[in-house]
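K.L.:
Residue numbers (this note's numbering): 5 to 571.
These are calculated hints, taken from the structure and not from any lab test.
All values derive from a computational prediction rather than experimental measurement.
The beta-carbon is built from N, C-alpha and C at its ideal position, and this holds for glycine as well.
Certain hints may be false.
[Claimed, not checked] Straight line, CA to CA, 25 angstroms or less: simulated PhoX-like cross-link-like pairs of lysine-lysine:
{"hint": "1", "residue 1": "10", "residue 2": "76"}
{"hint": "2", "residue 1": "226", "residue 2": "392"}
{"hint": "3", "residue 1": "13", "residue 2": "71"}
{"hint": "4", "residue 1": "71", "residue 2": "16"}
{"hint": "5", "residue 1": "21", "residue 2": "10"}
{"hint": "6", "residue 1": "473", "residue 2": "71"}
{"hint": "7", "residue 1": "76", "residue 2": "21"}
{"hint": "8", "residue 1": "475", "residue 2": "71"}
{"hint": "9", "residue 1": "21", "residue 2": "71"}
{"hint": "10", "residue 1": "16", "residue 2": "76"}
{"hint": "11", "residue 1": "333", "residue 2": "392"}
{"hint": "12", "residue 1": "10", "residue 2": "71"}
{"hint": "13", "residue 1": "475", "residue 2": "76"}
{"hint": "14", "residue 1": "333", "residue 2": "76"}
{"hint": "15", "residue 1": "475", "residue 2": "392"}
[Stated by the list, open to error] Beta-carbon label-pair distances, calculated as ranges:
{"hint": "16", "residue 1": "32", "residue 2": "331", "range": "43 to 53 angstroms"}
{"hint": "17", "residue 1": "554", "residue 2": "432", "range": "20 to 30 angstroms"}
{"hint": "18", "residue 1": "291", "residue 2": "28", "range": "48 to 58 angstroms"}
{"hint": "19", "residue 1": "542", "residue 2": "259", "range": "19 to 29 angstroms"}
{"hint": "20", "residue 1": "480", "residue 2": "274", "range": "33 to 43 angstroms"}
{"hint": "21", "residue 1": "312", "residue 2": "292", "range": "17 to 27 angstroms"}
{"hint": "22", "residue 1": "352", "residue 2": "438", "range": "18 to 28 angstroms"}
{"hint": "23", "residue 1": "10", "residue 2": "509", "range": "38 to 48 angstroms"}
{"hint": "24", "residue 1": "447", "residue 2": "306", "range": "39 to 49 angstroms"}
{"hint": "25", "residue 1": "428", "residue 2": "497", "range": "24 to 34 angstroms"}
{"hint": "26", "residue 1": "292", "residue 2": "550", "range": "40 to 50 angstroms"}
{"hint": "27", "residue 1": "432", "residue 2": "497", "range": "22 to 32 angstroms"}
{"hint": "28", "residue 1": "32", "residue 2": "312", "range": "45 to 55 angstroms"}
{"hint": "29", "residue 1": "50", "residue 2": "9", "range": "16 to 26 angstroms"}
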Amino acid sequence: MENAVKETKAQKSERLKRAMNPWDGLAEIRRFAREGFDSIPPEWIGTYFRWWGVYTQGDGAGVVGGKDGQGKALPFFMLRIRIPNGLLRSDQLRTIATLTQRYARSTADLTVRQNIQLHWVTIEALPEVLEELWRVGLNTTGSCGDVTRNITGCPVAGVDADEICDASSLALEADRMLAGNTEFYNLPRKFKISITGCRVWCPYPEINDVGLTAMQRVVRGKPEIGFALRVGGGLSTEPYLGAPLNAFVRWNQVLPVIRGVAELFRDSDQLREHRERARLKFLFLRHGWTVEHFQSELERRLGFQLDPAEPEQPPADVYRDHIGIHPQKQSGYCYVGATVLRGRITPEQMHAAADLADRFASGELRTTNMQNLLIVNVPRLQADDLAKELGAIGLPVSGSPFWRGAVACSGTEFCKLAITETKSFSRWLVEELEERLPGFDQHLKLHVTGCPNSCGQHWIADIGIEGKKIKVNGQMVDAYYFCLGGALGLHQSIARPVGYRCAATEVPEAIERLLRRYLADGTTGENLRQFFSRHSDTDLRNFLAGEFVEAVARDLPEGRVPSGVEG
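Hey, can you work out the whole structure from these sequences and the hints?
P.N.:
Here you go:
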C-alpha cells in the first residue's frame, strides 16, 4: 500500500478555512472558557483563534526548542485590539487599562499597526475581555488571520495643520466594510490597508497591500481631492514596496476600489498554493503580473476605468513620529505626542493618559505606527502643563533620537517565531547609545526585529537589526544582523543587508562606531540616509566592525528560521 501524500501547510490551512468561518465560533469560545484550555482542539489553537485577534503565547524561548518553525506554546494568549486609524477615546483606553491589569498581568504593547496588544490572557477570561471591549466600541475581529488587518491612517487626521484632507472617515468606512464581513473571511493571507490624507505618509502606504495617499488636482478650474493608489506592498522575509497604479481615485471611488482589490486577492487561487508566498505582492514577484495587468483586472471588476494618475509629491526624508507639541488646524489648539519606548505601556500609564486627555483636552487620543501615543485638541495654553504631566508618568514628549526612533517587535518574550529577545534589549540598547553618544541629534529610525519576518519593520529603518543566534564560547547567544539605509517616500529603498553580524551585547558598540564615523566624515547637511547611500556595503560593514571583516551571509543554518508569520 502506497504511503498517503502528506498534506502541506497551505493545503491544511485552506481545508480548515473552507470547513468553518471562525467568526461563527463565538459559542465555541465560550464553551472552551467553561471547560478549560485542554478542551480546545488543534484547529482552534493553530488557526481559528487568529480570526478573533488571538494567538497562543510562546514559552519565552521563541522558536528554539519547538518544531515545524514554531516554538512551544503556553496555555496563555496574546490578544490584539483593533484600533482603526489609531482613533481612541479616553473611556476606551481606560477599559483597555483595566483589562490589562485584571487579565494580562499588566502587560500591553502598542504595535506598528496602531493596535494595542495584551498578553497572558487565559481562555477562561477571553469571553469577558471580548465583551468588555465590545461595550466601549472596540473589538479584536480580524486583527490576526487571513483577513483584512487593522486599517491604518494618519493619527493626526482632522487636526493636522498641513493635511490635504481628513481621510479617517474612509478608513473607518473601509473597516466597517471588511472587518467581520463573511465575504472576506477567507483570503489567501493577511491583507493590509493604509489610507492617509497627510503629506508625510505617516502610516507607511508603501508597505501595505493597498496604500491610498491624498492628492489634489484641478478639473475645469475647480480643485478636487482624490488619492494615488499603490498595491502589493509588504515586508516579511521578501520585502516589496507597493507598485503605483496609473490611477487617480476619486473620493467616492475609494471604497469600491478597496473592495475590488480585496476581491481580486481573495479570488487569486494561485496564491493559496504556498503559505509563505500568499501575500498580494507575490502576484508581481512570482506570478508574472505587471502593474498594467493588475489595473486592467481591477477595472474589469469595478466596471469602470480609473482616471490617469496625477503627479505625486512623495515626502523627502520626513521624520514621521509626531512627538512633541504641534499646532492644529483649529486655532488655539495643538496636539501633544508622547513617546512610548518600544511600545510597552503599563495599565497605570494608560489610566493616567486617559485622565489627562479628559483633563486637558477633549478625551481623544491616537495611537501611531511608531508605537507612540498622542492627545489631540489640547488648548495651546495648557500644552506645556500636559507635557510635564505626561513626562511624570514615563511618557515624555521629547527624547533622544535613540529613544524616539526605537521600534521593537514582541521577540521571544511572547512570540513563538522569534529568535531573539527584543523588548528589554531595545530599552538597554537605547540607554547604552544615549550614554555613548549624548550629543547625537540626527533623527534616525532604529528598528529591532527578532526574526527575519520583519514585524519590527527593520527593512524600512535607517538602522535595522534582525535577530539571529551565534555560538560564543560554545554557547548559543542572541545576535543581530545589520541592515542599513531603509527609507520610504521620495527616496524609498529597502535597507541593505551589509554582511555584518555580532552578538547582542556588542550591538551598542557597533552602532557607536558607525555613527561616530558619520559624525566625523559626513558632509555638511548630509543625513544618515545620504551617508549610507554614498558608501558601499563593505565600507559600512567595516565602520560597524571597526576593522576590515568579511561579509557574513544573512541566514546561516545554526538554527531553524521560521518561514512565515501572522502578526
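K.L.:
For every hint, state whether the structure bears it out.
P.N.:
Hint by hint, here is what the structure shows:
no.	hint	in the structure
1	10 - 76	holds (23 angstroms)
2	226 - 392	violated (45 angstroms)
3	13 - 71	holds (14 angstroms)
4	71 - 16	holds (17 angstroms)
5	21 - 10	holds (18 angstroms)
6	473 - 71	holds (17 angstroms)
7	76 - 21	holds (24 angstroms)
8	475 - 71	holds (21 angstroms)
9	21 - 71	holds (23 angstroms)
10	16 - 76	holds (20 angstroms)
11	333 - 392	holds (23 angstroms)
12	10 - 71	holds (17 angstroms)
13	475 - 76	holds (22 angstroms)
14	333 - 76	violated (50 angstroms)
15	475 - 392	violated (46 angstroms)
16	32 - 331: 43 to 53 angstroms	holds (51 angstroms)
17	554 - 432: 20 to 30 angstroms	holds (28 angstroms)
18	291 - 28: 48 to 58 angstroms	violated (32 angstroms)
19	542 - 259: 19 to 29 angstroms	violated (49 angstroms)
20	480 - 274: 33 to 43 angstroms	holds (39 angstroms)
21	312 - 292: 17 to 27 angstroms	holds (24 angstroms)
22	352 - 438: 18 to 28 angstroms	holds (24 angstroms)
23	10 - 509: 38 to 48 angstroms	holds (42 angstroms)
24	447 - 306: 39 to 49 angstroms	holds (40 angstroms)
25	428 - 497: 24 to 34 angstroms	holds (30 angstroms)
26	292 - 550: 40 to 50 angstroms	holds (45 angstroms)
27	432 - 497: 22 to 32 angstroms	holds (29 angstroms)
28	32 - 312: 45 to 55 angstroms	holds (50 angstroms)
29	50 - 9: 16 to 26 angstroms	holds (20 angstroms)
Hints 2, 14, 15, 18, 19 from the list above are not met by this structure, while the remaining hints are.
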